[in-house]
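Engineer: Chains as they are written, first to last, in the numbering used here: chain A, 1 to 220; chain B, 1 to 225.
A couple of the hints might just be wrong.
Said to hold, decoys possible - Below, in silico cross-link-like pairs of lysine-lysine (DSBU-like), each with a Cα-Cα straight-line distance of 30 Å or less:
#1 Lys133(A) <-> Lys115(A)
#2 Lys115(A) <-> Lys211(B)
#3 Lys51(B) <-> Lys118(B)
#4 Lys46(A) <-> Lys211(B)
#5 Lys217(A) <-> Lys115(A)
Stated by the list, open to error - Restraint ranges, calculated between C-beta atoms of paired labels, are given here:
#6 Leu111(A) <-> Arg215(B): 13 to 23 Å
#7 Pro114(A) <-> Tyr185(B): 55 to 65 Å
#8 Tyr3(A) <-> Val218(B): 53 to 63 Å
#9 Leu15(A) <-> Ala123(B): 56 to 66 Å
#10 Gly115(B) <-> Glu59(A): 25 to 35 Å
#11 Tyr50(B) <-> Leu44(A): 42 to 52 Å
#12 Val218(B) <-> Gly11(A): 46 to 56 Å
#13 Asn217(B) <-> Pro78(A): 40 to 50 Å
#14 Ile196(B) <-> Pro48(A): 22 to 32 Å
It is worth saying that the hints were derived from the structure and are not from the lab.
Every residue gets a Cβ at the ideal spot worked out from N, C-alpha and C, and that includes glycine.
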Amino acid sequence: MSYFAFLAEHGSTLLLGTVTTIKVLVCSTILYVIISMIFGLMRLSKNPAIQGIATVYIEFFRGTSLLVQLFWVYYVLPFFGLSLEAFVAGVVALGMNFGAYGAEIVRGGILAVPKGQWEAAHALNFSPAKRIKRIIIPQIFPIILPPAANLTVELLKATALVALVTVVDLTFEAKQINSITWLSAQCFGTALLIYYIMARFALVPFLRWLEVLAARKVGR
Amino acid sequence: MEMGFKWDFAYEILPQMLWATLNTIIAAGVGYAIALVVGLFFLLGQRTPYKIVNVINRELVEFIRSTPLLIQLFFVYFVLPQFGIKLSAWLCGMITIGLHFGTYLSEVYRGALEGVSKTQWEACRALNFSTVYTYRRIVLPQAFPIAIPGMGNYLVGIFKDTPLLSTIGVAELFHAATAVGGYNYRYLEPYTMVGIIFLILSVPAAMWVRKLERRVNVAQGKIKQ
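Taking the hints into account, I'd like the entire structure generated from these sequences.
Structural biologist: Below, the structure written as structure tokens:
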């Protein structure tokens, strides 16, 4: 069977899987960005309890394997009466795991804002909340976007794991086709190519564009 | 099905889990050793004066880095036999992890080499040192400390990615947990124990790496004590 015949027969299935992969990516990106912001700020809190919670969260999710977390959410939470749909479980596990990594990036970004900005906001009598929201946060984007872009590419790669908890994504479809046809080189090769194209020619250029946008916003 | 954590069951499967942990540590160690060497080859490919080698090397690194390790594992495990190369799951896993993380390590090496000040090279040139001598006595001793934190991070990273090996049937910790869970129809204890074992091993390791990183930064004069 030639490669074109393979694509003609299974290409549409792989594309359907790709759509699911993109959905997982978008949902988990939104979740991880929110979690990063919250826990990154909590980590810098002066309240030891709040800071402690954030530290434990970050250490826990960075200290264990993503696959273990994913299986825990999908197979163990039902023991506690919380059954999540595979898609939701995948997004939650990915979002929480990458949120922990992202929180460290956000923390680093906030610490990298020059001290004079804090002092100036203080001198102008801004309230702490307003200081963070209006002065500090807008300035962290040029700092945090490059590492966050790397993290998002890692996230795209990590979405492949949700196939293992039965989410029908690109990896799942490739595995399925492999078990039917045993054309391993074609189906896994195509899947690898699709991931590569998504990362290199869609996600990375988009993130670079965001970086340029953020840099321009603060006048750099 | 009984709810809640069953301590006696957890205690019963503990020896099995600990044995499997040993396999996980071996897998991480061997994979890391391969990755360290593979990283050197990618670094060489990057620094050779031949343009065509540079380009191929860069594209290959980019490809490996931007595709999921899981599918790479499947690819190596399922495709190689079709070309008559029959390797065990262990070997496939080690090769794939070595290749995947080798690309990351080559970046660490590159960063470390670039971290050595250019004036060091110029000074060696002025003293008429050979390239080999310059690398061996001047550049590498300075680059190595810079590379240590990155290298440590990827050791922890490989360790945390070893559960993926279970998907091609390598009998490491996660594989054992899935097998025990399936056999007893209870996943709560095995998976929780896997998580705890990972925490016990990787949190101190990550903390140690961070300490190293700080020490390197202090020695480099990037931050004050």
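Engineer: Look at each hint and say if it fits the structure.
Structural biologist: Status of the hints after comparison with the structure:
1. Lys133(A) <-> Lys115(A): Since the Cα atoms of Lys133(A) and Lys115(A) sit roughly 16 Å apart, the hinted pair holds (cutoff 30 Å).
2. Lys115(A) <-> Lys211(B): The hint holds at about 25 Å.
3. Lys51(B) <-> Lys118(B): 22 Å, holds
4. Lys46(A) <-> Lys211(B): 23 Å, holds
5. Lys217(A) <-> Lys115(A): 20 Å, holds
6. Leu111(A) <-> Arg215(B): 13 to 23 Å: The hinted range 13 to 23 Å holds for Leu111(A) and Arg215(B), with Cβ atoms some 19 Å apart.
7. Pro114(A) <-> Tyr185(B): 55 to 65 Å: 58 Å, holds
8. Tyr3(A) <-> Val218(B): 53 to 63 Å: Check passed, 55 Å falls within 53 to 63 Å.
9. Leu15(A) <-> Ala123(B): 56 to 66 Å: 57 Å, holds
10. Gly115(B) <-> Glu59(A): 25 to 35 Å: This hint holds: roughly 28 Å between Cβ atoms.
11. Tyr50(B) <-> Leu44(A): 42 to 52 Å: 49 Å, holds
12. Val218(B) <-> Gly11(A): 46 to 56 Å: Between Val218(B) and Gly11(A), where Cβ atoms are some 55 Å apart, the hint holds.
13. Asn217(B) <-> Pro78(A): 40 to 50 Å: Between Asn217(B) and Pro78(A), where Cβ atoms are some 45 Å apart, the hint holds.
14. Ile196(B) <-> Pro48(A): 22 to 32 Å: The hinted range 22 to 32 Å holds for Ile196(B) and Pro48(A), with Cβ atoms some 25 Å apart.
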